Amino acid sequence: MNNYLDKVFDTPNKKAFIAFLTAGDPDADSTVKFILEMDKAGADLIEIGIPFSDPTAEGVVIQEANIRSLSNGMTTDGVFEIVKRVREQSEIPLAFMTYVNPVFHYGYEKFYTKCEELGISAIIIPDVPYEEKAEVEAPAKTHGVEVISMIAPTSESRIRQIASEAEGFIYVVSSMGVTGVRSEIKTDLPAIVENIRTVTDVPCAIGFGISTPEQAKAMAAISDGAIVGSAIVKIIAKYGKDAAPYIGEYVKSMKNAVAEA
2 MNNYLDKVFD TPNKKAFIAF LTAGDPDADS TVKFILEMDK AGADLIEIGI
52 PFSDPTAEGV VIQEANIRSL SNGMTTDGVF EIVKRVREQS EIPLAFMTYV
102 NPVFHYGYEK FYTKCEELGI SAIIIPDVPY EEKAEVEAPA KTHGVEVISM
152 IAPTSESRIR QIASEAEGFI YVVSSMGVTG VRSEIKTDLP AIVENIRTVT
202 DVPCAIGFGI STPEQAKAMA AISDGAIVGS AIVKIIAKYG KDAAPYIGEY
252 VKSMKNAVAE A
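In terms of this note's numbering, the sequence shown opens at residue 2 and continues consecutively.
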């Protein structure tokens, strides 16, 4: 399988911009269009959220996107169909972000086989604790899908333990709580990143609460990249099917800010 993830951090000192959207919000055609627009605007990796009825890590903005998507009939098979359509036009690195229930219900082997066929490089599953990750990681490995480790401010003594086994990249959670725009990020992120780098050279990208170019630049300056979700989903909520040019403009500004870090 082509490991598209290798392209995300493929040059020394490269700072990546990672964008998120919820599949099927407002519909499948729009999701394909938005992903291609973000690719064109310079996103290095796109996280595709598989909608779920109980997204425990998400704030109101992404919760509502999940509701809109599910209400419109989006399914896991529908998400795979979106990826298939994207892959006909783009080799942008893609990752899934979802919860363990949809993957377990679909069947690990069947799910990861489809990921391999469609060039999904990684998966982020926030509700699987470190101690139980083997259940989702073992079948993923056989299909070349990397399970991304998340390190939160509450990880403390477990930071090095989690980081030492990480693959792909490490998702550093900027703040306690759920996803969503924050005016200020007060966590001592440099100390967390420094702690991670004592045990691994796997790249770190910071997410949760980042919405402005200034915040993205600041986060990329202390890590290998910035992850943005809620701010993009808010643009989609505002403009619906007509959101593509607004998303493109936003992603371009964020990528430029990250590149300056």
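Note that these hints are calculated values from the structure, not bench results. Nothing here was measured: the structure is a model prediction, and the numbers come from that model. Check before you lean on any hint, since a few could be wrong.
[Unchecked claim] In silico BS3-like links for lysine-lysine, alpha-carbon gap of 30 Å or less: (1) K111 with K15; (2) K134 with K115; (3) K111 with K134; (4) K8 with K41; (5) K134 with K239; (6) K253 with K235.
[As the list claims (entries may be wrong)] If you anchor each label on the Cβ, the simulated ranges turn out as follows: (7) K85 with F105: 18 to 28 Å; (8) E261 with N196: 22 to 32 Å; (9) K142 with P13: 38 to 48 Å; (10) Y247 with I68: 26 to 36 Å; (11) D7 with K41: 35 to 45 Å; (12) N14 with Y240: 31 to 41 Å.
Note that CB positions come from ideal geometry on N, CA and C, so glycine has one too.
What hints, given by number in increasing order, does this structure fail? Violated hints (numbers, rising): 1, 5, 9, 10 and 11; every other hint is consistent with the structure.
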